[in-house]
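Asker: As a plain string of letters, each chain reads:
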Amino acid sequence: MSDVAHEGNSGVPPEAEDISWRQRYWKKNLRLMLVLLAVWFTVSFGFGILLIEPLNNIVILGFPLGLWFAQQGSVYTFLILILVYALWMDKIDDEFGVAERNDEGGYK
Amino acid sequence: MTETQFWTFFFIILTFGIYIIIAWRSRVKETKEFYVASQGVPTLANGAAIAADWMSAASFIGMAGLIAFLGSDGSVYLMGWTGGYVLLALLLAPYLRKWGKFTVPEFVGDRYSESVRLVAAICAIVVSFTYVVGQMAGGGIVFSRFLGLSIEWGVVLVAVVIFFYAVLGGMKGITYTQVAQYTVLIIAYLIPAFAVAYQTTGIPIPQISYGQILAELDALSAEFGLAAFTEAFAGRAGGQVDVFLVTLSLMLGTAGLPHVIIRFYTTKTVRGARYSAFWALFFISLLYLTAPAVGAFTKLNLLQGVQGQSPDTLPDWINTWGATGLVTVNQDAETIQSVSNIATSGADLIVNNDILVLASPEIGGLPAPIVGLMAAGGMAAAMSTAAGLLLVISSAASHDLYFRVIKKTGASDKEQMLVGRIAMAVAILVAIWAGINPPAFVAQVVAFAFGLAASTFFPILILGIFWKKANGPGATAGMLSGLVFTATYMIYTLEVFGTGANDHILNVSPEGIGAVGAAVNFIVTVVVSKLTAPPSQVVQEMVEEIRYPQTRAAVRS
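As you go down the protein sequences, you meet chains C and A in turn. So that you can map any letter, position 9 of the first sequence is 9 in the working numbering, and since no number is skipped, the others follow by simple counting. So that you can map any letter, position 231 of the second sequence is 231 in the working numbering, and since no number is skipped, the others follow by simple counting.
It should be emphasised that the hints constitute simulated quantities derived from the structure, not laboratory data. From the three backbone atoms N, C-alpha and C, an ideal C-beta is built for every residue, glycine too. A hint or two may mislead.
As the list claims (entries may be wrong) - Pairs of lysine-lysine residues, derived as DSS-like cross-links and limited to a Cα-Cα distance of at most 27 angstroms, are as follows:
{"hint": "1", "chain 1": "C", "residue 1": "K28", "chain 2": "A", "residue 2": "K468"}
{"hint": "2", "chain 1": "A", "residue 1": "K268", "chain 2": "C", "residue 2": "K28"}
{"hint": "3", "chain 1": "A", "residue 1": "K29", "chain 2": "A", "residue 2": "K414"}
{"hint": "4", "chain 1": "C", "residue 1": "K91", "chain 2": "A", "residue 2": "K98"}
{"hint": "5", "chain 1": "A", "residue 1": "K268", "chain 2": "C", "residue 2": "K27"}
{"hint": "6", "chain 1": "A", "residue 1": "K408", "chain 2": "A", "residue 2": "K29"}
As the list claims (entries may be wrong) - Here chain A is said to cover these stretches of chain C; the calculated rule only asks that three of the stretch's residues, wherever they fall, bring their Cβ under 8 angstroms from a Cβ of chain A:
{"hint": "7", "region": "24 to 37"}
{"hint": "8", "region": "43 to 56"}
{"hint": "9", "region": "65 to 75"}
{"hint": "10", "region": "80 to 91"}
Stated by the list, open to error - Simulated DEER-style distance windows between Cβ atoms:
{"hint": "11", "chain 1": "A", "residue 1": "G322", "chain 2": "C", "residue 2": "E53", "range": "33 to 43 angstroms"}
{"hint": "12", "chain 1": "C", "residue 1": "L37", "chain 2": "A", "residue 2": "Q337", "range": "47 to 57 angstroms"}
{"hint": "13", "chain 1": "A", "residue 1": "V538", "chain 2": "C", "residue 2": "I60", "range": "53 to 63 angstroms"}
{"hint": "14", "chain 1": "C", "residue 1": "E53", "chain 2": "A", "residue 2": "D312", "range": "40 to 50 angstroms"}
{"hint": "15", "chain 1": "A", "residue 1": "L44", "chain 2": "C", "residue 2": "K27", "range": "28 to 38 angstroms"}
{"hint": "16", "chain 1": "A", "residue 1": "Q337", "chain 2": "C", "residue 2": "E53", "range": "25 to 35 angstroms"}
{"hint": "17", "chain 1": "C", "residue 1": "L34", "chain 2": "A", "residue 2": "I505", "range": "31 to 41 angstroms"}
{"hint": "18", "chain 1": "A", "residue 1": "D312", "chain 2": "C", "residue 2": "L51", "range": "43 to 53 angstroms"}
{"hint": "19", "chain 1": "C", "residue 1": "R101", "chain 2": "A", "residue 2": "V538", "range": "26 to 36 angstroms"}
{"hint": "20", "chain 1": "C", "residue 1": "L51", "chain 2": "A", "residue 2": "I505", "range": "19 to 29 angstroms"}
{"hint": "21", "chain 1": "C", "residue 1": "L34", "chain 2": "A", "residue 2": "V538", "range": "26 to 36 angstroms"}
{"hint": "22", "chain 1": "A", "residue 1": "W433", "chain 2": "C", "residue 2": "L37", "range": "40 to 50 angstroms"}
{"hint": "23", "chain 1": "A", "residue 1": "G346", "chain 2": "C", "residue 2": "E53", "range": "28 to 38 angstroms"}
Model the full structure from these sequences, guided by the hints.
Answerer: Structure representation (structure tokens):
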């Protein structure tokens with residue numbers, strides 16, 4: 001997953017338009033992805049499995065906190081992560097002029 | 001006919017009628033409609049269809065019961081089956097949609113080589129088929145319990161209805177039927193859950209209120225010789241390591257299952273694929289966040305119902321379900337002292353996991369129409385998943401095997417559809433046969449289907465998108481080594497194909513081995529790709545292309 005640096009050196013014909021935007025677009029995409037995946041891992045594997053026992057000492061509304069993360073909190077987090085991803089990618093798409101807002105997938 | 005049977009017939013006939021009407025209205029004439037619903041499905045509808053496709057008889061009927069007995073460790077299913085959607089949404093769906101053709105093996109074929117495509121097509125068929133047999137058998141059980149039909153006729157009836165709408169409507173028919181099936185199954189799941197929560201705690205929101213009963217449930221569980229619901233790593237012998245690996249395997253498997261991925265091909269745009277993933281998880285979470293509450297409430301009601309009772313004074317539902325053989329009572333016991341979900345445990349009351357959801361309205365004392373609705377919901381879950389899987393089998397068999405290996409050129413659109421439909425019909429016939437005579441491995445369907453998807457598809461799809469240097473020989477070697485490694489361990493530890501069940505190595509259960517298999521696949525693919533020539537410029541440009549929603553050049557022209 002680390003070939004970002006190799007991009008843009010492929011044999012694109014000279015008449016093709018400037019493709020340097022692609023590297024910037026891809027880098028932003030990757031950075032967003034890595035941040036979201038870090039949250040994904042921390043909440044599910046971190047709070048829900050690795051740290052479940054210490055967290056279970058805290059009880060809220062009858063739920064031991066570790067159990068709550070494993071059975072409820074992680075799912076809420078996943079949902080938010082995907083929504084943030086979709087909204088943020090819309091922003092990046094807009095920035096680079098590749099948004100697909102209308103149904104046909106064309107530029108707005 | 002009992003009142004329950006009347007309401008079950010009522011809801012089954014009503015819902016089946018709706019499915020058939022929808023299928024007739026969305027019958028298809030073109031290949032593109034047949035395989036990917038013309039890539040014109042709105043995001044919200046696609047999300048609901050993914051949710052129905054994804055939530056099988058196991059999610060609907062089995063999961064809450066499993067969590068009831070596994071307690072805290074039941075979270076492997078909750079986190080595993082939902083967390084996979086994060087991986088799907090961020091790492092796979094947008095890119096596969098951008099590339100946008102008909103099947104998963106097709107992507108692999110274009111990206112790597114024809115031989116990888118063949119391996120992928122065979123894996124897709126094996127994974128889907130293992131899974132579909134379980135759905136058929138699940139549907140049969142619902143019919144036999146609620147309608148007094150034999151399991152055989154139940155399976156045939158399920159198959160006839162699926163045959164009608166899947167063969168006629170292809171992906172388009174399946175999509176809109178799945179939207180209806182999602183609606184039926186979620187209503188059927190939530191109404192009893194809310195009613196039971198209200199009855200027990202006075203707060204009709206099970207996700208919040210089941211915390212209140214956990215302390216009481218733990219105390220009662222201890223009294224009946226069961227593990228505490230809230231104690232971590234008490235439900236699975238392998239402890240923390242195993243819980244970690246099983247969760248990871250289920251996540252990677254979810255992201256690698258062809259019948260889920262293929263549903264992202266049906267949106268209009270890449271953006272649509274991203275939002276589809278959100279709606280899919282939103283709809284799925286309505287059930288998945290409720291399931292642990294249903295498990296906890298039902299277990300509490302069950303234990304309270306039998307506390308201090310003798311075998312003659314037990315609640316009615318125990319007798320009704322006793323007839324199916326899924327509940328057994330030790331008639332010699334004076335009072336019920338112990339409860340278990342394990343048939344060989346020798347406990348006074350033995351309850352099979354799979355009945356808890358279907359019996360929850362009865363256990364909670366809810367009226368007959370709700371029991372009937374529950375049955376229709378269980379059927380909707382089984383049928384929607386079966387249809388999605390049959391489409392994968394049909395498209396892999398016709399599109400990736402028949403037209404690539406046997407008839408290589410000159411297939412008209414009409415011919416492609418005909419072969420697709422024949423493949424689907426054959427798959428349904430085999431599924432009926434296997435549903436009636438389930439092979440030994442059906443019980444292990446989760447382990448197999450997910451382990452194989454995680455160890456074969458997931459790594460090569462990820463590398464195919466994120467690493468341009470991954471090549472054909474690498475992917476072939478990676479997929480085969482992941483497959484062989486994972487299957488070998490499963491056959492070694494599970495009682496299938498006549499092999500004995502051996503002890504787990506390093507506490508890794510067969511459900512968790514998929515994660516290790518995926519790592520094997522990753523490493524082998526990378527190493528072999530490094531040692532051999534990189535893929536052609538054309539392929540590298542294709543990988544470049546799928547990383548962007550659309551090419552700007554095309555926009556401006």
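Asker: What are the numbers of the hints the structure violates, in ascending order?
Answerer: none
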